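Sequences are here, hints too, so could you generate the full structure?
Read top to bottom, the protein sequences are chains A and B. Take the first sequence: its letters are residues 1 to 338, numbered as in my numbering. Take the second sequence: its letters are residues 1001 to 1246, numbered as in my numbering.
Hints listed in this document are in silico derivations from the structure and should not be mistaken for laboratory results. Any given hint could be a false lead.
Unchecked claim - Part of the chain A face toward chain B, derived, beta carbon under 7 Å:
1. 15
2. 19
3. 20
4. 21
5. 46
6. 47
7. 50
8. 52
9. 53
10. 58
11. 60
12. 92
13. 96
14. 166
15. 226
16. 228
As the structure is a computational prediction, the values presented were derived from the model and not from experiment. The beta carbon of each residue, even a glycine, is placed where N, CA and C say it ideally should be.
Listed below are the residues making up each chain.
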Amino acid sequence: MTSTHSHEAIHPLIGAWALDACTPEEAELVQAHLSSCAVCSEEARTLRETAAELGGGHLRPPAGLGIRLRSAAHLRRRPAPRAPGYAKPYAAQVAALDLMLSGLPTGDWQRIAAYEQMSVHDLLAHLIATDGLVAAALGVAVRPPVEPGTDAETRTVAIVAREKERPVDETRRSWRDQAEELCLALPRRPNGATVTLGFPMVVPDALLARAFETWIHTEDIAGATGSAATTPLPEHLHPMADLAARLLPKVTARRMPDAAGRHVRLHLTGAGGGTWTVPVVSGHTAGEPDAEITADVVEFCRLVGARRDPDAFPAELGGDTALARAWLAAAPSLAPYP
Amino acid sequence: MRLECCRGGVSALVQQRSTDKTAAERAEASDEDSRLRDRLVFGDEDAFDEVYERYSALVYTIAVRVTRDDRAAEDVAQEVFLAFWQRPFAFDPAKGSLRGWLAMIAHRRAVDLVRREEAHRRGTQDPQLSMAALGGGDPVGDQVSDADTTHRLRIALRTLPEPLHSAITLAYLHGRTYREVAKELGLPEGTAKSRLREALRRLTVALSSHTHGSGDVTDRTERHPAAPSSGLAGEGRKGTSRKAQP
Chain A
1 MTSTHSHEAI HPLIGAWALD ACTPEEAELV QAHLSSCAVC SEEARTLRET
51 AAELGGGHLR PPAGLGIRLR SAAHLRRRPA PRAPGYAKPY AAQVAALDLM
101 LSGLPTGDWQ RIAAYEQMSV HDLLAHLIAT DGLVAAALGV AVRPPVEPGT
151 DAETRTVAIV AREKERPVDE TRRSWRDQAE ELCLALPRRP NGATVTLGFP
201 MVVPDALLAR AFETWIHTED IAGATGSAAT TPLPEHLHPM ADLAARLLPK
251 VTARRMPDAA GRHVRLHLTG AGGGTWTVPV VSGHTAGEPD AEITADVVEF
301 CRLVGARRDP DAFPAELGGD TALARAWLAA APSLAPYP
Chain B
1001 MRLECCRGGV SALVQQRSTD KTAAERAEAS DEDSRLRDRL VFGDEDAFDE
1051 VYERYSALVY TIAVRVTRDD RAAEDVAQEV FLAFWQRPFA FDPAKGSLRG
1101 WLAMIAHRRA VDLVRREEAH RRGTQDPQLS MAALGGGDPV GDQVSDADTT
1151 HRLRIALRTL PEPLHSAITL AYLHGRTYRE VAKELGLPEG TAKSRLREAL
1201 RRLTVALSSH THGSGDVTDR TERHPAAPSS GLAGEGRKGT SRKAQP
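Now the structure itself:
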């Protein structure tokens, strides 16, 4: 006897499934089967593509539909905050994280997502805290006001404590509203103003750092809750990788003081990648590289974000491999936590 | 047993269709779909406009054909695009094209609407006349509808044997389940299932036949004497749309 879940039972249903002519129960069985059967999945894909043609010659929808749709879309989901070009990576990460949070059951907000103790709710409070330092520097009135000299860690402790007392929806709204205000306050063109996030950075770099951290925590939350996530667009990833390459000498200098004058050539592969020659200790002009490292750009960013183990990091090393390994081992120190 | 079941003609023909598009073409199309999906994830309104520009005619046409009501079709189209904006991860580029997925969602929503609200309309349509609409309509010449595909589909539908023709019409245009198709055509359910699959399979071959032939999907042994060899698609749109003015 053939089970209703078997290949033999499901395969004849694929034509009906592709035409939406199964019962909902059967459609579910087919869909479940497709994820595990390459033969049926290929046939389903092809028959679906054919079914897509069955509408025949295409009719133009009424002119007003597109316009109505745009305004309806705003009500369903906020688009990325409007931002100058240099802050688009940040605006995009805000939109993606907000999308993820919108689908999160309330219970999932208490799941531990990072640093062995921070819940999803806490991580969002942490983002509010650090974004708030940038927003305050741009003249946005943040609550509580930022005292001079406050660092991200101190502010995080205060905001996490505050947000614990608030419903998750309100935390989400505070974070998103502040991100919108931050983007609104940004100068159209960078004007040399700096923001201190661990060390002083020009505003565009601060926004890239915020994009980077928002992405890394989005992945933390995705991992903790089983939510879908995607890597940054290549045009957003590239400036983040570039920021990492420019900032890394600050930490490698501390970890590898004996390597002053030496250089690492970094080849980051994949869309958004590139090649950088990075001094181990900043201030030394680029010369011939002493070591070469080739790695995937997304994985490298995760390493810099302290989300990968340098000892197990997949990279091709050339030249002075001991130097390359020491440099990779130092890379996660760029992340502000832990 | 499992292998036996897969050895039939369908898999071979499906494979032929798949290899018709080169792997590189498919990968490129899939990359483009992935990127559009990701741009929606990142809240990019321009990407939303692009999706609408590319696929609104496809989605709207399917909705009109099935609902036969232009207002209902607009509602269906609106919901399809809003749902994608709201939940872009519902589309998985690994499982097929964005075009195929949007068409599927549009058809499913239109069928749901027809099944839910317009049951009384059923049985009042002549499947033959409605079938003509599948290949008809006014091509708008946009990126989703190349005239060649429409032409080949029209020929393919015209030459589809009548038993397959009736079955796919009832299912696709009238939103019938295969069980309802079986009942209406007085067939065992298994036969209805296999006719739907066979009809789609033949259309698949016909659509990929630009390198293989004319798009005629009839074969001598199966051709139904009642099936007109021409004029189905050419019979125009009468009976296809009550209110829509394509």
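Comparing the hints with the structure gives:
The beta carbon of residue 15 (chain A) comes within 3 Å of a beta carbon in chain B, closer than 7 Å, and the hint placing it at the interface holds. Because the beta carbon of residue 19 (chain A) sits about 4 Å from the nearest beta carbon in chain B, less than 7 Å, this interface hint is met. Because the smallest distance between the Cβ of residue 20 (chain A) and any Cβ of chain B comes to about 5 Å, under 7 Å, the interface hint for this residue holds. Here the hint on residue 21 (chain A) is kept, as its CB sits about 4 Å from the closest CB of chain B, short of 7 Å.
Annotation: residue 46 (chain A) was flagged as interfacial toward chain B, and the flag holds, the nearest CB pair being 5 Å apart, inside 7 Å. The criterion of a C-beta within 7 Å of any C-beta in chain B is met by residue 47 (chain A), whose closest approach is roughly 5 Å, and the hint holds. At about 4 Å, the closest approach between the beta carbon of residue 50 (chain A) and any beta carbon in chain B falls short of 7 Å, and the interface hint on this residue holds. At a threshold of 7 Å, the smallest CB-CB gap from residue 52 (chain A) to chain B is about 3 Å, leaving the interface hint in force.
With a least beta-carbon distance of about 5 Å to chain B, the hint placing residue 53 (chain A) at the interface is held under the 7 Å criterion. Hint status for residue 58 (chain A) relative to chain B: holds, with the closest Cβ pair at about 4 Å, below 7 Å. Interface hint status for residue 60 (chain A): upheld, as the beta-carbon distance to the closest one in chain B is roughly 5 Å, under 7 Å. Because the beta carbon of residue 92 (chain A) sits about 4 Å from the nearest beta carbon in chain B, less than 7 Å, this interface hint is met.
Interface restraint check: residue 96 (chain A) against chain B, minimum CB-CB distance 5 Å, threshold 7 Å, status holds. Hint status for residue 166 (chain A): violated, given a least beta-carbon distance of 24 Å to chain B, over 7 Å. Nearest Cβ of chain B to the Cβ of residue 226 (chain A): about 12 Å, over the 7 Å cut. The hint is violated. At about 4 Å, the closest approach between the beta carbon of residue 228 (chain A) and any beta carbon in chain B falls short of 7 Å, and the interface hint on this residue holds.
In this structure, the earlier hints numbered 14 and 15 are contradicted, and the remaining ones agree with it.
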